[in-house]
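J.: One-letter residues, chain by chain:
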Amino acid sequence: QQVSVEVLEHLEHLALVDFRDAEGVRRLQKAIQFADQLHEVNTEGVEPMDSVLEDRCLYLREDDVTEGNCTKELLENAREKVEEYFVAPPGNIPLPKLEERETFLQGS
Amino acid sequence: LAPWIPVVGLEIHAQISSKSKLFSGSQVQFAAPPNSLVSFFDASLPGTLPVLNRRCVEAAVMTGLALNCSINKKSLFDRKHYFYADLPAGYQITQQRVPIAVNGSLSYSLCIDNKMSHMVTKTVRIKQIQLEQDSGKSLHDDSRCQTLVDLNRAGVGLMEVVMEPDMCCGEEAAAAVRELQLILQTLGSSQAVMAEGQLRVDANVSVHHPGEPYGVRTEVKNINSIRFLAKAIDYEIQRQIEELENGGTILNETRAFDSKLGCTVPMRDKEGKQDYRFMPEPNLPPLILYDAKSLPANMNHQQVINIDWIHERLPDLPSVKREKLVEQYGILPEHSFTLLNEDGLADFFESVVKQTQMKPKKVIGWILNDLLSYLKQHSLTVKESPVSSFLLADLLNLLEKKEISSTAAKQVLAELWKGEGKTPLEIVKEQKLELLQDQKELEQICQAVIDGQENE
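Residue numbers (full-length UniProt numbering), protein chains in the order written: chain P, 1 to 108; chain A, 1 to 456.
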């Protein structure tokens, strides 16, 4: 089963990944095929497990202030800053539509 | 023309009142230097992990119980993915699959025809309450084409209260939110001050004809007060009706309320339907809560949350407080509403009643008609009142003992309001407002008046 161009475009838009070329898409297909092996197991009547931690105890922390106050350290990582604020572009810059991009997906 | 049925559902985010954040130990505080209340986890630096704050869980359980919900003894955390500069991780930790509380209800009261004497009780169903992280704050600097990001709020605990679309207009929504606000403040689980962003309300609005399926709904955001909530909803209902009657269609979009223009406008950055790619939060095991029956024997107390223990310690909710006020003092139900609607007014009233011989049924008039209107005129809170409960009780005692008339009492109150430190008795003496009790003196005055008339 092939992954359609619509799904690929949707994924690129959503996750901001770049499949780059046909090889990238093939790798995705292989990953899906690999995961599909899970369907070979009969799980009828079995509760789905969603975490290997499911039988662990969730640790509860006391409500005390123990961290913060490290503005300088945090801002060291910022490329741009203005008076202790991080600087970001104005709002999200959406990925251009398929027709407007130079991507190999167009040819598919 | 066929009638329209408006349908209104609310999504309410209440900031949890706690010292530290939901999954980290940085402080929760409104208005602090930018990025000073941010831990490495809040900034989403690699290698950090979420650690759940016990107080936040208790706040959610209290709120769930107060709203008649079933508390899920096992609830799960999930990641909700979307990109935005104030969400450094690229996802929000929330409870999408199994939230902490479900299937509750909230009762609220409405005045019919704006008459407080005609109140009806309505109920809105609570679909669920979930714990989730707040995002940071974005300050848009359009002139320099940039956004400034402050992560102080990122990671603060929120309770999202999802209401079923059981309401039909702005007035109902406003009344429901007001009651929820009072409940949260009574519980202490959230201070719920809308102006400080501790209570944020989004409204989902649609209209349809009776017997037909629900119409397309729009989401209205950016509502900063309960008054604007009612306005925004009523505007949106009207806009949708007009649009449809003119042959147009309603887009499933997100709109912002513009308080200056009193209308809703489409929001930028909200293109189309979002796919949040929910997945279980891999770093957090399920949250297990206990009750008296299921309490584990050998666990550290600090690690155990007992729903029954919390239930036993819930304070009286506003509805119960109102009933008690009516029963104890013989005041009217609508009086109890007004008393609870002003912060500190109920306590003030009870304090005056304790210090005076005047019957509560008479005291309430002085509290609601005189004191409250003074406070409103001068935009003061009860706490800021220049007239203390002691002074007011003192004044009412003079009235009760018939040492002054009711008209004189109002004059004295006006003088007390100036807050010059005089006692009621001093003012009465100063302005010679004492009622004459001496029979002989009264006779002499009346006689003098009659004599005066005879001479004309």
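Bear in mind the hints are in silico, worked out from the structure with no lab data behind them.
Keep in mind that a hint or two might mislead.
[Unchecked claim] Here are the simulated lysine-lysine pairs, DSBU-like style, with alpha carbons at most 30 Å apart: (1) P/K97 - A/K80; (2) A/K260 - A/K231; (3) P/K81 - A/K324; (4) A/K354 - A/K293; (5) P/K81 - A/K19; (6) A/K402 - A/K440.
J.: Now tell me, hint by hint, if it's right for this structure.
T.: Verification of the supplied hints:
A distance of roughly 24 Å separates the Cα atoms of P/K97 and A/K80; the hinted pair therefore holds under the 30 Å criterion. Taking the CA atoms of A/K260 and A/K231, the gap is about 11 Å. The hint holds against a cut of 30 Å. Our distance criterion of 30 Å between C-alpha atoms is broken by P/K81 and A/K324, whose separation comes to about 56 Å. Between the alpha carbons of A/K354 and A/K293 the distance comes to roughly 43 Å, so the proposed pair goes past 30 Å and is violated.
Pair hint P/K81 plus A/K19 holds up; C-alpha atoms about 28 Å apart against a cutoff of 30 Å. For the proposed pair A/K402 and A/K440, the alpha carbon gap of about 18 Å is at most 30 Å, so the pair holds.
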